[in-house]
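Peer 1: Mind docking chain S on chain F? Use the hints.
Number of protein chains: 2
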Amino acid sequence: MSHKVAGPEIEQLIALLAKLPGLGPRSARRAALHLIKKRESLMQPLANSMAQAAEKITVCPSCGNIDVLSPCAICSDERRNQTMIIVVEEVGDLWALERARVSNALYHVLGGVLSPLDGINPEDLNIPRLIERASTNSVSEVLLALNATIEGQSTSHYLVEQLAPCNVKISQLAHGVPVGGELDFLDEGTLAAAIKARKEM
Amino acid sequence: MSHKVAGPEIEQLIALLAKLPGLGPRSARRAALHLIKKRESLMQPLANSMAQAAEKITVCPSCGNIDVLSPCAICSDERRNQTMIIVVEEVGDLWALERARVSNALYHVLGGVLSPLDGINPEDLNIPRLIERASTNSVSEVLLALNATIEGQSTSHYLVEQLAPCNVKISQLAHGVPVGGELDFLDEGTLAAAIKARKEM
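Which chain is which? The protein sequence lines are F and S, in order.
If you count the first sequence from 1, position 162 lands on 162 in our numbering, and the numbers rise without skipping.
If you count the second sequence from 1, position 165 lands on 165 in our numbering, and the numbers rise without skipping.
Honestly, I wouldn't trust all of these hints.
Remember, identical chains collapse to one label, so a pair may be satisfied in a single copy or spanning two.
Claimed, not checked - Only pairs whose alpha carbons sit at most 25 Å apart, straight line, appear in this in silico SDA-like list of lysine to any residue:
id : residue 1 : residue 2
1  : 169       : 193
2  : 37        : 122
3  : 37        : 92
4  : 169       : 201
5  : 38        : 73
6  : 37        : 118
7  : 19        : 39
8  : 38        : 185
9  : 37        : 186
10 : 169       : 16
11 : 37        : 117
12 : 37        : 59
13 : 38        : 124
14 : 37        : 61
If you are wondering where the hints come from, they were derived from the structure by calculation, not from laboratory data.
Being a predicted model, the structure only gives us computed values, none of them experimental.
Extracted from the complex, chain F is given alone in its bound form (with noise of 0.2 Å):
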């Protein structure tokens, strides 16, 4: 949208709701005017819903998730598995592996993978609290679940070098995860069936 039609704080809204992944400049239009149109019953509670998280939402100190509570829910909740870490690359990994309901183990969230073309580094990632957290005795097995690409495999390579003095058993996902697929875009019962044939390494 070059000419700009509406006032400059519609333009803005519509701005600001282009950049949401999905949303383009034309539907970045529809969902400002749909906001619009419903002002009492949605923009007013997005908005204050989105100041709250904003405020709110911290990274959890311990693993990377994201929550309110700081250490973080799943941290927090002693009824889970303390034995196992299971490694994520992003907190939107462990929302899918929690709404596939498959573990009962802790997270660790890396923020992303190795990618020296793209200069991201071990150091980028969170990975001195993975082996801290490793190095406690009460962890007796990480699994690394990574996404199944490239980058994921080579991270989790380096990752199995890092935490051999850990004296942790180390695991990864079973195939089962498709080669190139990434976990978000997975069903339940390949994630299940993946957990479930996890293989040493």
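Peer 2: Chain S in isolation, oriented as in the chain F frame:
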């Protein structure tokens, strides 16, 4: 998404985002994660923008456009052609015509089209104010720029009857608008051609 995996604040944010047109449950989760990652550069500004818009934006009492000004910036602009009113269904159609920069006239937003099956009758549309405006001496032409749908065309015919006593020329967009098409999806050339070749009814 049946199983709630994030805290209630995040789940509420996702649920509200999923109500936007064009976003489903999955893309709403991705949008929420994106917002949380870009908390200061996107989530906070968007929250403020929505809160401001929800507070400030009003429906123009004259034409039915939305704006923070009342009457709206178009109705208040004395340089515009005061002799012609372009009648559209929705604000999005007004935006489409303004983006195409094909007319300098005033607008009138009906707020929908007649659709007895959906329970939308003349009294649900912004028609009395249109007749009032069309009856003023300064207005000499009313251009019916409704969608080329069955409902749009039957609404046009209804408006021709209602506007008959107003002593104005009544025109409609030229054929050139594809049958069944909607204004908001047309390119500027088509819109310009349709305005130029408008026909008296």
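Peer 1: Decide, hint by hint, whether the structure agrees.
Peer 2: We went through each hint and held it up to the structure:
1. With identical chains, the CA atoms of residue 169 and residue 193 are at most 25 Å apart within one copy only, with a shortest distance of 19 Å there and 71 Å across copies.
2. In the homo-oligomer, the alpha carbons of residue 37 and residue 122 lie at most 25 Å apart only across protomers (20 Å), although the nearest pairing inside one protomer, at 48 Å, exceeds that limit.
3. Within a single copy, residue 37 and residue 92 get their C-alpha atoms only as close as 31 Å, which misses the 25 Å cut-off; across copies the closest is 12 Å, which meets it.
4. Proximity of residue 169 and residue 201 under a CA criterion of 25 Å is satisfied intra-copy only: 8 Å inside one chain copy versus 81 Å between copies.
5. When the C-alpha separation of residue 38 and residue 73 is checked against a cutoff of 25 Å, the pair qualifies only between copies, where the shortest distance is 22 Å, while the shortest distance within a copy is 33 Å.
6. In this homomeric assembly, residue 37 and residue 118 come within 25 Å of each other (Cα to Cα) only across copies, at 18 Å, whereas the closest approach inside a single copy is 42 Å.
7. For the homomeric pair residue 19 and residue 39, the shortest alpha-carbon distances inside one copy (21 Å) and between copies (13 Å) are both at most 25 Å.
8. Within a single copy, residue 38 and residue 185 get their C-alpha atoms only as close as 31 Å, which misses the 25 Å cut-off; across copies the closest is 23 Å, which meets it.
9. Taking CA atoms no more than 25 Å apart as the test, residue 37 paired with residue 186 passes between copies only; the shortest distance there is 23 Å, against 36 Å inside one copy.
10. With identical chains, the CA atoms of residue 169 and residue 16 are never at most 25 Å apart, being 46 Å at best within one copy and 41 Å at best between copies.
11. Taking the closest pair of Cα atoms, residue 37 and residue 117 come within 25 Å of each other only across two copies (22 Å); inside a single copy the shortest separation is 46 Å, beyond that limit.
12. In this assembly of identical chains, the alpha carbons of residue 37 and residue 59 lie at most 25 Å apart only when taken from different copies (10 Å versus 34 Å within one copy).
13. Proximity of residue 38 and residue 124 under a CA criterion of 25 Å is satisfied inter-copy only: 17 Å between copies versus 42 Å inside one chain copy.
14. Taking the shortest alpha-carbon separations for residue 37 and residue 61, only the inter-copy value of 15 Å comes in at or below 25 Å, while the best intra-copy value is 40 Å.
Figure legend: structure checked against the earlier numbered hints; the only hint not met is number 10.
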